[in-house]
Amino acid sequence: MKPRSPPVLLLAGGLAGVLFLVLWPLAWRSDFILYIATLVLQFSIGACSLQLIIRTGHISLSHAAFAGIGGYASVLLVKSAGWPWHFALIGAILAPAAFAALIGPVLLRLSGKYFVLVTFLFGELMRFVATDWQGLTGGSNGIFEIPKPYPAMRDPLNYYWLSLGFSVVCVGLCVRIMRSEIGRAMDAMRESEKLTECAGVPAFRIKVLIFVIACGLAGVQGSLNAHMNNVITPGNFGPLESLNLVVMNVIGGMTNMGGALLGTVFLVALPELLRGYVEWQRVIYGVILIVVMAFLPGGLVELWGRLRGLVTGEAVRGTAVVTDET
Amino acid sequence: MMARTGGSPLLVIEGLSKTFGTLRAVQNLNLSVADGEILGIIGPNGAGKTTTVNLMAGAFKPTSGRVLFDGHDVTGFPPHRLAAQGLVRTFQSTTVYGTQTVRENCRRGAFLHLFPGFFPALVPTARARALRAEVETEIDRLLDWLGLAEFAESEARNLPYGVQKTLGMAIALAARPRLVMLDEPVAGMSAEETDHVRDTIKRIRGAGISAIVIDHNMRFISGLCDRVLVLHHGEELAIGTPGEVMAQPAVIEAYLGKGHAKAGRP
Numbered sequence: 001m002k003p004r005s006p007p008v009l010l011l012a013g014g015l016a017g018v019l020f021l022v023l024w025p026l027a028w029r030s031d032f033i034l035y036i037a038t039l040v041l042q043f044s045i046g047a048c049s050l051q052l053i054i055r056t057g058h059i060s061l062s063h064a065a066f067a068g069i070g071g072y073a074s075v076l077l078v079k080s081a082g083w084p085w086h087f088a089l090i091g092a093i094l095a096p097a098a099f100a101a102l103i104g105p106v107l108l109r110l111s112g113k114y115f116v117l118v119t120f121l122f123g124e125l126m127r128f129v130a131t132d133w134q135g136l137t138g139g140s141n142g143i144f145e146i147p148k149p150y151p152a153m154r155d156p157l158n159y160y161w162l163s164l165g166f167s168v169v170c171v172g173l174c175v176r177i178m179r180s181e182i183g184r185a186m187d188a189m190r191e192s193e194k195l196t197e198c199a200g201v202p203a204f205r206i207k208v209l210i211f212v213i214a215c216g217l218a219g220v221q222g223s224l225n226a227h228m229n230n231v232i233t234p235g236n237f238g239p240l241e242s243l244n245l246v247v248m249n250v251i252g253g254m255t256n257m258g259g260a261l262l263g264t265v266f267l268v269a270l271p272e273l274l275r276g277y278v279e280w281q282r283v284i285y286g287v288i289l290i291v292v293m294a295f296l297p298g299g300l301v302e303l304w305g306r307l308r309g310l311v312t313g314e315a316v317r318g319t320a321v322v323t324d325e326t
Numbered sequence: 001m002m003a004r005t006g007g008s009p010l011l012v013i014e015g016l017s018k019t020f021g022t023l024r025a026v027q028n029l030n031l032s033v034a035d036g037e038i039l040g041i042i043g044p045n046g047a048g049k050t051t052t053v054n055l056m057a058g059a060f061k062p063t064s065g066r067v068l069f070d071g072h073d074v075t076g077f078p079p080h081r082l083a084a085q086g087l088v089r090t091f092q093s094t095t096v097y098g099t100q101t102v103r104e105n106c107r108r109g110a111f112l113h114l115f116p117g118f119f120p121a122l123v124p125t126a127r128a129r130a131l132r133a134e135v136e137t138e139i140d141r142l143l144d145w146l147g148l149a150e151f152a153e154s155e156a157r158n159l160p161y162g163v164q165k166t167l168g169m170a171i172a173l174a175a176r177p178r179l180v181m182l183d184e185p186v187a188g189m190s191a192e193e194t195d196h197v198r199d200t201i202k203r204i205r206g207a208g209i210s211a212i213v214i215d216h217n218m219r220f221i222s223g224l225c226d227r228v229l230v231l232h233h234g235e236e237l238a239i240g241t242p243g244e245v246m247a248q249p250a251v252i253e254a255y256l257g258k259g260h261a262k263a264g265r266p
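From first to last, the protein sequence lines stand for chains A and B. Heads up: the first sequence at position 45 corresponds to 45 in our numbering, and the numbers run straight through without jumps. Heads up: the second sequence at position 215 corresponds to 215 in our numbering, and the numbers run straight through without jumps.
To be clear, the hints were calculated from the coordinates, so they are not data collected in a lab. Hints may be right or wrong, so weigh each one.
[Said to hold, decoys possible] In the DSSO-like style, the derived pairs of lysine-lysine whose C-alpha atoms are separated by at most 30 Å in a straight line are:
1. A:K79 <-> A:K148
2. A:K194 <-> B:K202
3. A:K194 <-> A:K113
4. A:K113 <-> B:K61
5. B:K202 <-> A:K148
[Said to hold, decoys possible] Now the in silico label distances, taken between C-beta atoms and shown as ranges:
6. A:V129 <-> B:P160: 52 to 60 Å
7. A:I103 <-> B:D140: 42 to 50 Å
8. A:V18 <-> B:E192: 52 to 60 Å
9. A:I90 <-> B:E150: 52 to 60 Å
10. A:K194 <-> B:L23: 17 to 25 Å
11. B:R129 <-> A:L15: 17 to 25 Å
12. A:G165 <-> B:D140: 38 to 46 Å
From the three backbone atoms N, C-alpha and C, an ideal C-beta is built for every residue, glycine too.
Using the sequences and the hints given, assemble the complete structure.
This is the structure in structure tokens:
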């Protein structure tokens, strides 16, 4: 086990990072980069909250669907019910959380690949519902002309700061959970559930609770994303998007919040930056993915460990992902 | 061998039965374990030893019968609730968290004493810090006591088999149980390692913790336990001090004749 970095160092590093993220657009402003950065911040919420679920030993392929439930809830509450956005956001958290509380106790009894399969189906199901329930969701064309949360948010810089604020709060909560005794219990139950239960850990209750919290957080991403794009369509929240969130975690090494953030930057920014080479985009994207997964099974975080190993001369073992399937 | 029958019963089992389809794995078992007692359960393979443990430890629900722990009915309680009551088990196959250090293994075992509740756990309070400091001291003591101190920072998967087995016990003890159930704690161990485990379990009892020990090594069981329950085809064949049990013709015939001859060989 890696020694946990002391809280003071983590806090100082985090604060410095946030300060930099707040200030850089003032020094150098590019709306394209700002747009990508905003996207990355929004997806960081989805990727990190998904990691909470992954760390209980379940790989969910419906996380984007929960973000979608949050997105639609937020948009409908603002557009149809006329709620101010900050109240709609509460709905955007509660709606997917309620869904998760409903299906979680059933789904989380499945292990390994069965959980993956059923969550994949749930994601597809949600996409069908969003496509076919035209009266509510506008069908496959989605809902247009979504207002910004507040008029001031028409400025991309303000929207960036808004997303940054929510990303810091949500990712901070995920990090806090993982560094608490709950996080220790989650890592333990992923390795051996029966052994963990014998230590008095109510494993199943923790799994359900974490699933509900993570899906609620995904709703924040859905809301922020929908109101930024002015449009929400079922395609934004299908299994492919869920898979993307999983890959962000895989690239980052699966069991490290910093890794999930790195994976998010990588997976969100890369396709955007490769827009100029549309025909090559997927090829480059694929090659990079294969290289990372073949040579850095512990994710991009491992690169840091290896570099440090080169300096200090100690070997670093790959940290393969352990789920209860293996 | 001193029989400790004076203490009040900590664990009581009444008419416990378990059937799997048509197989009667355990039939009408009655048993009580006194506070501070070490009880051995022996029997040939398939006699129902592990099923009995699983019934008591909450892995299975019994078909009929009751389990009482410290006067409370805990029949069918899931393992985490039993652990909270003070009833903890170890597993037959080596079960430790392989990727973690010995110390972290013990921390994971000490969940009950580290966890301040879900929402309090998210705020780094003085109480959480105090709990942590207390558990670290307790783990230091436990590692010293079990002779694991020198391995404290080693990854569990790199340790020799015997040490991993001891770590399995350390994880269980980190939960500070009142009764531990040890499922074949010396399976696959050498004679010296077996003696070491026997002494360790005696010291555990010395610390006021009762134990139920399942094994088929008669030499180990008779050198350790106050009383022995002999299971055969899921039923009680005999119960008493090791001397009493071994003197019974039925036991010798059904099991010990063969088992005794085997026990001498490693």
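Hints and how they fare:
The suggested pairing of K79 of chain A with K148 of chain A holds, with an alpha-carbon distance near 11 Å, which does not exceed 30 Å. Straight-line distance between C-alpha atoms of K194 of chain A and K202 of chain B comes to about 26 Å, which keeps the hinted pair within the 30 Å bound. Restraint check for K194 of chain A and K113 of chain A: satisfied, since their Cα atoms lie roughly 19 Å apart, inside the 30 Å limit. Proposed proximity of K113 of chain A and K61 of chain B is supported: the alpha carbons are some 27 Å apart, at most 30 Å.
Our distance criterion of 30 Å between C-alpha atoms is broken by K202 of chain B and K148 of chain A, whose separation comes to about 70 Å. Look at V129 of chain A against P160 of chain B: about 56 Å separates their beta carbons, and that is inside 52 to 60 Å. Evaluation of the 42 to 50 Å hint for I103 of chain A and D140 of chain B yields a pass: the beta carbon distance comes to about 44 Å. Our hint of 52 to 60 Å for V18 of chain A and E192 of chain B holds, since their Cβ atoms are close to 58 Å apart.
Distance hint check for I90 of chain A and E150 of chain B: the Cβ-Cβ separation is about 54 Å, which falls inside the suggested range of 52 to 60 Å. Hint check: K194 of chain A to L23 of chain B, Cβ distance near 23 Å, so the stated range 17 to 25 Å holds. In this structure the supplied range 17 to 25 Å holds for R129 of chain B paired with L15 of chain A, their Cβ-Cβ distance being about 21 Å. Hint check: G165 of chain A to D140 of chain B, Cβ distance near 43 Å, so the stated range 38 to 46 Å holds.
Of the numbered hints listed earlier, the single one contradicted by the structure is hint 5.
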